[in-house]
Amino acid sequence: MHYNWDLGLLWEYRRVFLHGAIVTLELTGITILFGTILGTFLGVLLLSRNKIIRGIVVTYVELLRGLPLLVLLVWLYYFLPAFLNIKISAFTTAAFGLSINLSSFVADVVRGAIDGVPTSYKDAARSLGMSSKLILRRIVLPEAFRALIPTLTALYITMFKMSTLASVISVWEPLHSGNSIIIHTYRALEVYTGIAIIYLIIIVPATYFSKKLEKSKYFIRRV
Amino acid sequence: MLNARRSIAGLVVLITIALLGASFWGCVPKGVERGESVLEKVKREKVIHAGYIKYPPFVIQDPKTRELSGYFIDLMAQIAELMGVEIEYEETNWGRMIAALETGKVDVVVSGIFRTIPRAMQVTFTKPVLYVGISAIIRKEDTRFKELEDFEKPGLTVAVTDGEVGHEYAKRYLLDTKLIVLETEDITRPMLEVITGRADVALGDAMSCYRFAKEHKESVTDLFAGRPFYVFGTTLMIRRGDPEWLDFLNLALEFMENSGFTDKLEKKYKEADAAWLSAAKPWRTETE
Chain A
1 MHYNWDLGLL WEYRRVFLHG AIVTLELTGI TILFGTILGT FLGVLLLSRN KIIRGIVVTY
61 VELLRGLPLL VLLVWLYYFL PAFLNIKISA FTTAAFGLSI NLSSFVADVV RGAIDGVPTS
121 YKDAARSLGM SSKLILRRIV LPEAFRALIP TLTALYITMF KMSTLASVIS VWEPLHSGNS
181 IIIHTYRALE VYTGIAIIYL IIIVPATYFS KKLEKSKYFI RRV
Chain B
1 MLNARRSIAG LVVLITIALL GASFWGCVPK GVERGESVLE KVKREKVIHA GYIKYPPFVI
61 QDPKTRELSG YFIDLMAQIA ELMGVEIEYE ETNWGRMIAA LETGKVDVVV SGIFRTIPRA
121 MQVTFTKPVL YVGISAIIRK EDTRFKELED FEKPGLTVAV TDGEVGHEYA KRYLLDTKLI
181 VLETEDITRP MLEVITGRAD VALGDAMSCY RFAKEHKESV TDLFAGRPFY VFGTTLMIRR
241 GDPEWLDFLN LALEFMENSG FTDKLEKKYK EADAAWLSAA KPWRTETE
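Chains as they are written, first to last, in the numbering used here: chain A, 1 to 223; chain B, 1 to 288.
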């Protein structure tokens with residue numbers, strides 16, 4: 001293969017790459033924040049005794065888990081402004097789409113974690129006269145949270161990688177920024193190398209941190 | 001218990017689908033009153049919502065500043081100025097451009113868009129402003145190819161971008177070749193298949209082939225430079241069923257040609273050996 005590399009291009013467009021990295025970090029940050037809050041709320045509702053509430057939440061979770069994220073993003077991008085007359089930017093659409101997608105996975109994980117809290121803990125709390133809401137807030141959620149953290153971290157890293165799908169609706173994350181450089185310079189291999197470097201710089205430490213968390217004694221449930 | 005949960009979930013899914021269906025039923029694109037032309041909406045709102053697709057030199061976007069320029073951007077700016085309206089641009093791409101028009105997100109798509117039959121079944125085009133054909137990228141040292149017929153030899157591997165004009169050509173005429181169809185927004189991908197040796201030939205629009213070969217002249221050759229085949233009229237794209245908007249844009253483009261504005265744009269953006277063909281004018285001056 002004969003290819004004249006022009007890696008100077010990475011330096012020339014460093015600000016474009018950097019801006020792409022910032023956009024993807026912002027997008028992932030917002031997604032994690034809203035996806036986790038909404039997902040935790042839905043996860044608790046999944047254990048509700050009310051069949052209607054549970055049915056609605058189960059449907060929400062199943063629909064969003066089943067719908068490919070790419071399809072969801074493109075659909076939201078056109079559906080919200082065209083049929084509901086909601087004018088939102090591509091970035092907000094992506095943040096919304098990624099958040100509701102993440103919330104469906106978080107809901108399931110939270111439900112599993114709450115289910116996994118030993119009944120003896122709840123019985124002990126009840127014998128002390130604590131109400132159901134107090135047991136949930138003081139005993140169940142903190143205990144479940146402990147078990148959740150490693151799984152959630154892995155989910156967040158996946159979500160960070162998935163944020164690249166926002167490029168399909170022209171959010172200026174690394175891939176879309178990269179495409180704009182390619183179309184300007186016709187130097188695809190150099191640009192893809194730059195994009196890979198950005199993701200590696202962020203993903204490698206995050207994965208290392210996630211592995212550390214998994215092994216941490218704090219997150220192993222004591223029964 | 002499980003059955004009850006499934007029935008409730010099923011019911012909610014049905015209600016959701018019904019509600020979404022109802023919201024789609026009988027809707028009209030955003031901002032446009034029922035039966036109203038986009039032209040009326042533009043006159044009322046004093047703004048054209050335009051979708052752009054990067055395609056130098058027709059639509060150029062500086063990656064550093066994100067500033068737009070190019071042949072069609074300048075052309076639209078001049079039309080908007082004469083109309084006394086603004087243009088609000090938002091980015092779209094080859095795959096989403098029809099949805100952007102049909103949902104009313106944009107009033108016009110601005111790029112070098114080819115007037116193809118499959119596209120014309122869904123959208124409407126203004127009159128051709130210029131013409132672009134297809135060309136091919138081969139490895140520099142490859143001496144097997146001189147003419148179009150050389151691509152019909154069996155055993156060849158041809159790389160194309162999904163849905164692009166090169167793909168349409170290959171499906172129709174290169175029946176004995178192995179096709180690599182790439183689903184990508186990056187127009188250089190089929191050409192990279194040639195450089196990396198996975199394909200013998202990459203087909204693409206002559207403009208992209210020309211610019212790619214110019215940037216990678218040590219590795220590849222633009223086989224049909226200056227003599228593209230399968231030529232398409234290239235222009236603006238709008239929604240179907242809006243004769244007033246179409247009529248207005250056609251008239252505006254005609255005026256741009258007759259006033260000499262498109263000649264100025266050619267001088268500004270067409271490189272000496274660039275791969276687009278100019279449209280002939282329907283009139284000549286005495287001195288020509």
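If you're looking for bench data, these hints aren't it; they were derived computationally from the structure.
Check before you lean on any hint, since a few could be wrong.
[Stated by the list, open to error] To spell it out: a stretch of chain B is covered by chain A in this simulated footprint if at least three of its residues, at any positions, have a beta carbon under 8 Å from a beta carbon of chain A; those stretches are:
hint	region
1	51 to 64
2	81 to 94
3	176 to 188
4	236 to 246
5	277 to 284
[As the list claims (entries may be wrong)] The calculated lysine to aspartate or glutamate pairs, modelled on EDC-like cross-linking and capped at a C-alpha distance of 20 Å, are:
hint	chain 1	residue 1	chain 2	residue 2
6	B	K64	A	E62
7	A	K87	B	E88
8	A	K87	B	E90
9	A	K161	B	E185
10	B	K140	A	E214
11	B	K127	B	D74
12	B	K43	B	E67
13	A	K87	B	E86
14	B	K217	A	D6
15	B	K214	A	E62
16	B	K217	A	E190
17	B	K105	B	E36
All residues carry an ideal CB built from backbone N, CA and C; glycine is no exception.
Hints violated by the structure (numbers, ascending): When the structure is compared with the hints, numbers 4, 5, 6, 10, 12, 15 turn out to be violated.
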